[in-house]
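Trainee: All chains, full assembly: derive it from the sequences and hints.
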Amino acid sequence: MTAPIDQAELLRRARGRTRTPAPGTPAAGPVPRGTAPGPAPLSHAQQRMWLMDRLGQGGPRYHVPLATRLRGPLDRDALAAALTGLTARHHILRTRYGHQDDRPHQEPAPPAPVPLPVRDATAEDSAALLRAEAARPFDLAAGPALRALLLRHAPDDHTLLLTIHHIAVDGGSLPVLAEELGALYAAAAEGRPAGLPEPELQYADYARWERARDDRLAEAAAARAARLTGAGPLPLLRPVPPGTPERRAVLHSAPLTADTMDGLRRLGARHGATAFTVVLTAAFAALRAATGGSDLVLGCAGGHRSRPELRRLVGLQVNTLPVRARLPEPDGDPAFTELLAVVRTALLDAQGHHEVPFDLVVERLGAAARGADGTPLLAVSCDLVHPAEPLALPGLTAEAVEVDLGLAKFGLTLLVEDGPRPRCLLQYDPAALDGATAGRLHAVFAELLAAVAADADRPLSRLPGERLLGDHLPAPETPADHPEHQHPAVAALLADPRVTDAALHLAEHGPALAYATVSGPVAPSGAELRAALRRRLAEPGTLPLAVTLLDRIPRRPDGALDPGRLPGAPTAHLDTVRDVFAELLGARPPAEGDFFGLGGHSLVAVQLAERIRARLGLPLTGLDVLERRTPRALAALLAERAAERGTGSSRTASATRATHATRAGTVLLTGASGGVGAALLQELLAQGRPVRALVRPESAHLVAGAGVEVAEGDLADRDSLRRAVEGVETVVHAACTFTEHAVDLAAMRTLVEGWRGTGGFVFVSSIDAYGRPEPGEVPEGGPSAGPLTPYGQAKLDCERILLDAAPSARGPVAVVRSPIVWGPHRRLRDQLRWGATGALYQAALAGRPILLPEPAAGWAGAGWVHSAALARAVTASLGQAPGRIVNAVTGHVSWADFAAELVRLLGSSSTVAHGPGAEAELLRPWHYRADALAEPLTPEPGEDWRAVLAAMTAQPAGAH
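79 is the number of the first residue of the sequence shown in this note's numbering; add one for each residue after it.
Since the hints were derived computationally from the structure, they do not count as laboratory data. Hints may be right or wrong, so weigh each one.
[What the hints assert, rightly or not] Now the in silico label distances, taken between C-beta atoms and shown as ranges:
hint, residue 1, residue 2, range
1, 797, 286, 23 to 31 Å
2, 235, 884, 31 to 39 Å
3, 932, 234, 53 to 61 Å
The beta-carbon is built from N, C-alpha and C at its ideal position, and this holds for glycine as well.
Mentor: If you want it as structure tokens, here you go:
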């Protein structure tokens, strides 16, 4: 969208004097020149990026796309040479990020040519292609951090896209890269040396220099944290769960006149302030009016480029500066210029300590870095930006192209874009702020900027402003049939239309635990329901420790909750969790000790999760730690996951780790710990095939068995995928994330690129890749018809990666598309809970009426396949690997038959009717042909749909 202005540099120039270190800022000499060999530590800013990536919270929002339309005779070879020269000059662009002993490090890869793929594209197609390429994930462990794509619209009309990971660049790096790329391109086109001087520093020099000052920086961070004591998050925002992988952004834009921008600059000049200071003051004023608060904290970008030796250094040299302004109380009526003086002082104080890393300040703040509901102290930012400049190449006309990935780094950002067409911008995360409030705040902000540009001496009461913060939503009233319904958490859960029943268990000496049954085509998880409770409950003390999903709430004959049949508040792992807390945080915490209050931060969360995983063999991530926060909550989560594992851990001893030479004919199986993967594993072993199973370390016991070689890894860990695929003869790829589609695509590329065997590569895909074709029979490999679901699109994109590689592959490839998979595995039982079948299943469980599509609309139902039949079909395709798309379908069942059987099996009182108000998801009029694999798909005894449905519904309630 735009490139941030270095506010510290603007302020220095505006004040016309050289800045001196502020009190409490650690003094330091110049950055030493000359990169030492070997790995270097990460700078504090880089470590934050690395942690975001490791925690699954990075992704495209930390990508920096630079797109330029180039018209004229483009020399593609010269451009490729220029890009290669650029990465040769700046090591950070080809740096890889590894870790050892829980500590990350960086090391540049040897210089290598930068690929410049060229794709033909119409102007209409370009925007989607640019967004997809810009969002494609980076593998920080493998590098590099820069990639290029050239779209060819006509012989003399191209669009160049450079995508760089933010861990390698900041806004101040981009003009340097653009200038040097132009010089390198001109030199390559003319066949002469570029004559550019060697960079004075490499980024690793800066990282080593900063880390050598860590002790002094830590002292300064403690002082900065003390300045933030007592501050709280902006109450306008809702908390966003730490595990949210992508934060979507909505952008509001309104034009500003040139007179308004001139007025803002003149106002700043009169009061010894930059235009940014005026914009920041307007943001504070708008938020003061919106919330009624007088003690507010906003974030802004600060840079380290005031040092002469760092001004042309390519790398991440930005820092987040918390600006705390204690404004006049709401009952006062100061002039805007009075607020400007307060904000100017607060900004100067923050910029005077710009070298103190914000992550260190957060560590010192501990629990105070978040509000009681989990909202970060710094969830609102403000900036003054300029339109992005094009990458100008000699002899060509260059025009900047905006690539908006629609992702938010903050819950709310207030911006002004200063350029030929000035704009007032407001970007927000809809998970943190509702659209109506955001729209009203944006209107106020734009009107306020125009008003103060015209007359800033008016009191605030005569300037635009609107109170937008209402009271917390009260928990809705619910019938008081049972004592637990009096609890506000239960009332709030029952007010959610996706929740069909809810209960709360208040143990005498333990935490409150909530339980819920859910319904709907896309039902929420327990974590999502708990996050919703955070937003609704006025008192943090009423928030339950966890929300656990059950098929039925166990109740006594009188309808009251039966605690004896509930999953309890497990403490089996509590001592281990507290031990690890003590090892990493220096003191053994109480069971309810808060992770942040004990001094925890992101890196410690990752380390804590890894140690607990190693000791207990149970899945745990750094995000789990950040969300659950207390040892008791983590112990409860671990107990849930242990219960899900059942007794499988007893088999771990019979597994082998992938540490020896690969056995001849080895099959790599991904997804082996899931329901489909378990059936595939069983079939492969029954055929006597040696299997290497890719699983997370904590899930190894689920696949352990004679002949199974365990390859520890994860779809998001591309290094582990490369190790897993190395040397295998055959690949059966059955794993997916379901929701993180960029990870799925990157994993497929890695496996395809790493496979060198001749035994076949089969991808287990989904009929969702067909989209919504014409009603009737769907032939195998038929064309896709929109609209596709995101899941179906991801499957289709993965298929294309594999099939595009088929001509150069040493072995045959195949795609096997399956419908709903049913089987006895406990994870397959979830197929009854979600999607189209889930709506019917939950209705039958609750005894609610079931409404199906009208018969006049034609047949409607679902294709399905038994997990064992799917396994036979996939392994059969390894032998023939048809090199095309085939289907694996056991049969089709109508919704009428399915609903009637559910009612019978569950002893439900539901009535089944047909009508026009049926869920749109049930309008599925397709029969999928499955001719190529008909023989292995032939049902064996017990594989008819009624038998498998009976087996799946017979499992005990509460099992996961």
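Trainee: Does 53 to 61 Å hold as the CB distance between residue 932 and residue 234, or does it fail?
Mentor: With Cβ atoms ~58 Å apart, the hint holds.
Trainee: Is it true that the C-beta distance of residue 797 to residue 286 lies inside 23 to 31 Å, as the hint says?
Mentor: 25 Å, holds
Trainee: Check the following: the C-beta atoms of residue 235 and residue 884 are separated by a distance inside 31 to 39 Å.
Mentor: 32 Å, holds
When each numbered hint is compared with the structure, no violation occurs for any of them.
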